[in-house]
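Engineer: Just need the whole structure built from these sequences, with the hints factored in.
Heads up: the sequence lines are chains D and V, in that order. In terms of full-length UniProt numbering, the first sequence opens at residue 1 and continues consecutively. In terms of full-length UniProt numbering, the second sequence opens at residue 1 and continues consecutively.
These aren't lab readings, by the way, just hints derived from the structure by calculation. Predicted, not measured: the structure shown is a model, and the values here were computed from it. Mixed in with the good hints, there may be bad ones.
[Unchecked claim] Quick list of in silico lysine to any residue cross-link-like pairs, SDA-like style, CA-CA up to 20 Å:
hint, chain 1, residue 1, chain 2, residue 2
1, V, K227, D, W43
2, V, K154, D, Y39
3, V, K154, V, R87
4, V, K154, D, L42
5, V, K85, D, V20
6, V, K237, D, T36
7, V, K227, D, R40
8, V, K237, D, I23
9, V, K492, D, A34
10, V, K237, D, I8
11, V, K237, D, V20
12, V, K237, V, G284
13, V, K237, D, V10
14, V, K227, D, T36
15, V, K85, D, S28
16, V, K85, D, W43
17, V, K237, D, Y39
18, V, K237, D, A21
19, V, K598, V, P420
20, V, K370, D, T36
21, V, K154, D, S35
22, V, K586, V, M325
23, V, K237, D, S28
24, V, K227, D, A34
25, V, K299, D, L42
26, V, K237, D, W24
27, V, K227, V, D298
28, V, K227, D, V20
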Amino acid sequence: MNILVILIIVSLIVAGGFLVAFIWAVRSGQFDDASTPSYRMLWDDATTKKEDKKSNQSTNHKQESHGN
Amino acid sequence: MEIEKFHYDNKVVKYFAIATVVWGAIGMLVGLLAATQLFAPEANLGSEYTTFGRIRPLHTNAVIFAFVGNAIFAGVYYSMQRLLKTRMFNDALSWINFWGWQLIILSAVITLPMGFTSSKEYAELEWPIDIAIALIWVVFGINMIGTIIKRREKHMYVAIWFYIASFVTVAVLHIVNSFALPVNFMKSYSAFAGVQDALVQWWYGHNAVAFFLTTPYLGLMYYFLPKAANRPIYSYKLSIVHFWALIFLYIWAGPHHLLYTSLPEWAQALGTAFSIMLIAPSWGGMVNGLLTLRGAWDKVKEDPILKFMVVAITAYGMAVFEGPMLSLKSVNAIAHYTDWIVAHVHIGALGWNGFLTFGMLYWMIPQMWKTKLFSRKLANTHFWLGTLGIIFYALPMYVSAFTQWLMWKEFTPEGILQYPNFLSTTLQIIPMHMLRAFGGLLYLLGVFVMVYNLIKTAKAGNFVANEAAEAPALEKVVSKGKEYWHRVWERKPIFFTLLTTVAILIGGIFELIPSFMMKDNEATKIEAVKPYTPLELEGRDIYISEGCVGCHSQMIRPFRYETERYGEYSKAGEFVYDHPFLWGSKRTGPDLHRVGEKYPDSWHFNHMYDPRSMSPGSTMPPYPWLLEQPYDLEGLPDKITVMRKLGVPYEEGFEEEVQANAMAQAEGIVKRLEADGIETVPEAKIVALIAYLQRLGTDIKVADK
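Structural biologist: If you want it as structure tokens, here you go:
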């Protein structure tokens, strides 16, 4: 039964920790810009498609940047 | 800013996609065969290799790890490259991942029907394959983390976090649950016994659902749904919150599989509490998915891909609502051991995993082949076949569950069981099982329609094995003063992985450590409980190998209708020598924990030879091979040695007498059978099996006398 007491104390500390972290995070504006990433993931196809079309023309540019 | 040029690896994605479809069809076909055997046992074709007990794990493993597993890899390899704007870290690792995984599946396809099984649900594969799984999983992990490290995109999109959490947790779960001591090349005994083994198993089992069937799929949802709908996810903020809440809470929920068992009450309560909390983050994910389509429902009407995804997310929402409900003790009393659980997992498997996979494939294949889907109409046909399949599958299972439960618990006014013969409750639900198989057939037909459609699509297009892409190189991050911690974490993959690990470990440690610290020999010790005799141990191994646990439980719950039917409810102390535990998760047949000494040996003999001769109408298949095949007498001493290493108190030097001991017991059984007019030899498997069955649950009966 002792283990129960220890578990309850430890779990309250952990839960409290999570709560404090959460409140602090919201207060300090951690989640203020939470929209750009969701838009950004939609863009990559556009780039690729453009690149596909251009792939015949772009020659110098391609070789230059390949050095990286 | 320098623009770098690179290529996405589509080839490995293509291979994983093909493997998904092929194994999916095979896994579902095996499922259909298993479902058919529940009302027509002859469907095993009289072969030991295709009997329900052996193909059920084949079906579950094929669907979970082959179908869903390959779909995860296909989706992860596709989306991760694009989200992180880089090719996979190492092509060789990608291919080791691919071929290694297929070889593991192949080895499962061979070993499970042969009866090599550890009997741990969803982790049946024997130890050499377990090691291979761990290795290939780590290869996948290295490839994934490597890709994340060499990315060109600063922030890790939410899908990536789900992938990381899935990788880490599955590794931890698989390794802990697979702790076992090998006896020989294809046989091992679980390192844990009885109650502990059950707890570890369901800590694993529940979190295999969480971190193999849920979190990777949420990641896939976060990528493929916005892509298919061409609009951003409803709330990125919600995705952050529900991610951390989900991975933290999920890991605690395992014990809800063991309500009303001899698992300590505190662990049951803990599991229930966390299971109920789990509804919040689970629905967070569902809401986030569905609201993404806000204002785009006109698209859903037309686009079969979105239709599949909407039903997938809805099925997810239903299953994760049902989950917390099922973890309430009163509801669990109905659902556990009945078809409710079967319906529940199939809403998840057919709806959430299946439909999201189909949506993903319909979207991904035309992209990689640079063409349009061959036929929208056929995709719609598939959608309706699949949806009808799910309905025809699930509804009869719910009816079946309630029917069976109501019959189990029905007492006459005189206070005796209305249906004392368990079989009558099984026979009552046979029509429901037929409908279920029909639902499965519809669903499988839909898959074949998809295969045709996708092949036609691929033929019409040109596959791009290496897709050109470009992106600016990743800049060195210079802190601009006001930076938020979660943003910073998202740029530090290793740190992020560590945080995830900590979050999932807390729950696991809380559940497992106390039960290991308890010296359960002292807490639950029952003096009368003795280790199995060598012959009984061998019989137990045959029982495991034939997959008997797939239909029969060995856990009598403390309900009046169970103790009345079976006898004294099961105590934790009775299982201390059970490596592994065999509490079962479904009762197609009656519970066997107190079957020992209930019937004469000849009853068991006849019952295995022709079940219908003893129980008219029984859906159990005959096991004539048990009468002919000899058990492995030579291997017995090693088994005893391994058991002693695991803490079973066999005397030192007992190995010398093991075979003689087994033979003496076997001859006793042969003599008793002879008295009933049955000829057999002491070396036959049936003799060992009878020895085990006659021992079951008798130890504490002795104490009563």
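Engineer: Holds or violated: K227 (chain V) with D298 (chain V), Cα cutoff 20 Å?
Structural biologist: The given pair, whose Cα atoms are some 16 Å apart, holds under the 20 Å limit.
Engineer: When you check the alpha-carbon spacing of K586 (chain V) and M325 (chain V), does it fall within 20 Å?
Structural biologist: Distance ~19 Å between K586 (chain V) and M325 (chain V) Cα, so the pair holds.
Engineer: Mind checking the alpha carbons of K227 (chain V) and V20 (chain D) for me, to see if they're no more than 20 Å apart?
Structural biologist: Violated - the C-alpha atoms of V20 (chain D) and K227 (chain V) are around 36 Å apart, more than 20 Å.
Engineer: Given the hint that K299 (chain V) pairs with L42 (chain D), does the C-alpha gap stay at or below 20 Å?
Structural biologist: holds, 17 Å
Engineer: Does S28 (chain D) lie within 20 Å of K237 (chain V) when you go C-alpha to C-alpha?
Structural biologist: holds, 14 Å
Engineer: Holds or violated: K85 (chain V) and V20 (chain D), Cα atoms, limit 20 Å.
Structural biologist: violated, 35 Å
Engineer: Is K237 (chain V) within 20 Å of G284 (chain V), Cα to Cα?
Structural biologist: Status holds; Cα separation ~11 Å.
Engineer: Under the criterion that the straight-line Cα-Cα distance not exceed 20 Å, is the pair K492 (chain V), A34 (chain D) satisfied?
Structural biologist: With a Cα-Cα distance of about 18 Å, the restraint between K492 (chain V) and A34 (chain D) holds, given a limit of 20 Å.
Engineer: Check the hint pairing K85 (chain V) with W43 (chain D) against an upper bound of 20 Å on the C-alpha distance.
Structural biologist: holds, 11 Å
Engineer: Keeping to a limit of 20 Å between CA atoms, is the pair of K154 (chain V) and S35 (chain D) held or broken?
Structural biologist: holds, 15 Å
Engineer: Compare the distance between the alpha carbons of K598 (chain V) and P420 (chain V) with 20 Å, and conclude whether the hinted pair is satisfied.
Structural biologist: Given that 20 Å is the threshold and the Cα spacing comes to 15 Å, the pair holds.
Engineer: CA of K154 (chain V) to CA of L42 (chain D), is that 20 Å or under?
Structural biologist: Cα-Cα ~15 Å, so holds.
When each numbered hint is compared with the structure, violations occur for hints 5, 10, 13, 15, 20, 28.
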